[in-house]
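*Asks:* Residue strings, one per chain:
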Amino acid sequence: MSFLDGLIKDPKYQQTDPRKPEEVSDPNIIISPDTRRENRIPPGQTRTKKWPVLDAHGAPPVDLATWQFEVDGLVERPLKFSLDEFMQLPPVKVYSDFHCVTRWSRLDNVWTGVSTSEIAKLAGVKPEAKFVLALAYDYGWTTNVPIEYFLKEDSLFAFLHDGAPIPPEHGGPVRLIIPQLYAWKSAKWVKGVRFLAEDQPGFWEEGGYHMRGNPWTSGDGERFRWS
Amino acid sequence: MNEQYAELIAGFPLFNGFTVNGAKRILDAGEVKDCAPGDVLLKEGDSADFALLVLTGTLEVFVERNGQDLILTEAQPGTILGELALICGISRSASVRAKEPSTVLEWSDETLRTLLLRDRSLAQRIFRQALRTLIEKEQSLIDELAKKQGTANH
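Here the protein sequences line up with chains Z and Y, keeping their order.
The letter at position 125 of the first sequence is residue 125 when you use our numbering, and the numbering goes up by one with no holes.
To convert, count from 1 in the second sequence and add 227; that's our numbering.
The following block holds chain Z by itself, in its conformation from the complex (with noise of 0.2 Å):
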């Protein structure tokens, strides 16, 4: 494939290496831990410099008129925000890589968006909430995360990727990144979270996805609940 090519057919085509996180021009982002690994590559995994797009049924149709996100469970203040009210949070910038349980990565990803923690703070997250299920508009899809893994410093709601908005077959408008687990867990075009005490496995997870799923334990990371 020639340079063109690439530039023509894939816009997100990386034509260069992944920069080092200490190459990361922008004071203010945020660094994923990962991206400092001297192998960035997690075990089993290959390096794409394409952007491979993975979902169970396809783009939903999100409306972003009436597009809402919603935040229960265990919290002391369900919230429930617009497009616009949601664009009107503290935005955080990431520097991360993504890491898909198909086995590939994509390193090298900037995303822009709300900070999971800035949310959870507006909230008033109950100290008995140790899990999150993620509900996104796919058809009831969720996935469930451990709190601490949700909390993470560079975990957030982007809208944002390398500075343009997330299109609708990447999650957009606005999709759930945790850089530090398998890429099915940062939902795409999410609607909410809820905080739960008890884990409940996902739409992945009922049919025998890793519950946590990193990418960096046991040999081959946390794919599946079988082997």
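Since the hints were made in silico from the structure, they are not lab data.
Do not take every clue at face value.
The calculated lysine to any residue pairs, modelled on SDA-like cross-linking and capped at a C-alpha distance of 20 Å, are [unchecked claim]:
#  : chain 1 : residue 1 : chain 2 : residue 2
1  : Y       : K251      : Z       : H57
2  : Y       : K251      : Z       : P78
3  : Y       : K251      : Z       : L196
4  : Z       : K191      : Z       : N39
5  : Y       : K251      : Z       : M211
6  : Y       : K251      : Z       : D138
7  : Y       : K251      : Z       : K121
8  : Y       : K364      : Y       : F354
9  : Y       : K251      : Z       : T142
10 : Y       : K251      : Z       : Q200
11 : Y       : K364      : Y       : A256
12 : Y       : K251      : Z       : K191
13 : Z       : K121      : Z       : A56
14 : Y       : K251      : Z       : Y139
Here are a few chain Y residues that sit away from chain Z, every Cβ distance over 12 Å (derived from the structure) [as the list claims (entries may be wrong)]:
#  : residue
15 : V247
16 : D276
17 : L282
18 : T283
19 : E291
20 : T306
21 : I317
22 : S318
23 : P328
24 : D346
25 : R347
26 : Q351
27 : A373
28 : K374
29 : G377
Distance windows between CB atoms, simulated [stated by the list, open to error]:
#  : chain 1 : residue 1 : chain 2 : residue 2 : range
30 : Z       : P78       : Y       : E234      : 51 to 59 Å
31 : Z       : P78       : Y       : S274      : 29 to 37 Å
32 : Y       : K270      : Z       : T16       : 42 to 50 Å
33 : Y       : D261      : Z       : D84       : 34 to 42 Å
34 : Y       : C315      : Z       : T46       : 23 to 31 Å
35 : Y       : R359      : Z       : L64       : 25 to 33 Å
36 : Z       : L64       : Y       : A256      : 25 to 33 Å
37 : Y       : R359      : Z       : I31       : 41 to 49 Å
Note that beta-carbon positions come from the ideal geometry of N, C-alpha and C, so glycine has one too.
Given chain Z's structure and the hints, the job is docking chain Y onto it.
*Replies:* Chain Y in isolation, oriented as in the chain Z frame:
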């Protein structure tokens, strides 16, 4: 009834780790069919447009040669049948009939392809089972051949 089948599916080794809800999605993707002893579900040489998961009962996998049925194996609950013909785009390599009253889940070609493409974990399991079955068959063929060769050498 669907709830019971979903619990059954979640208990099959092939679906280890599935919750009952997860199994329901597998179930809803296909069609449950009851069959009586002797019903032929797949016929050798036919073009393939669906695969089966045995839910209850026992099925016989057989081929007809020289006017006689040659039973290749018996398929128990939890076994997938007919998936290789779909995946490889070939006609049925054997016939399948119910040995006793049985229930199967039938997935159309398109449904199976969608399941395999969307659920990488399930795809990995199904390929693993299919390849194991093939390897076992190959091994037994090799053993047969070796036996024959042994006899010939004596």
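*Asks:* What hints, given by number in increasing order, does this structure fail?
*Replies:* Hints 2, 3, 4, 7, 11, 12, 13, 15, 24, 25, 26, 30, 31, 32, 33 and 35 not satisfied by this model.
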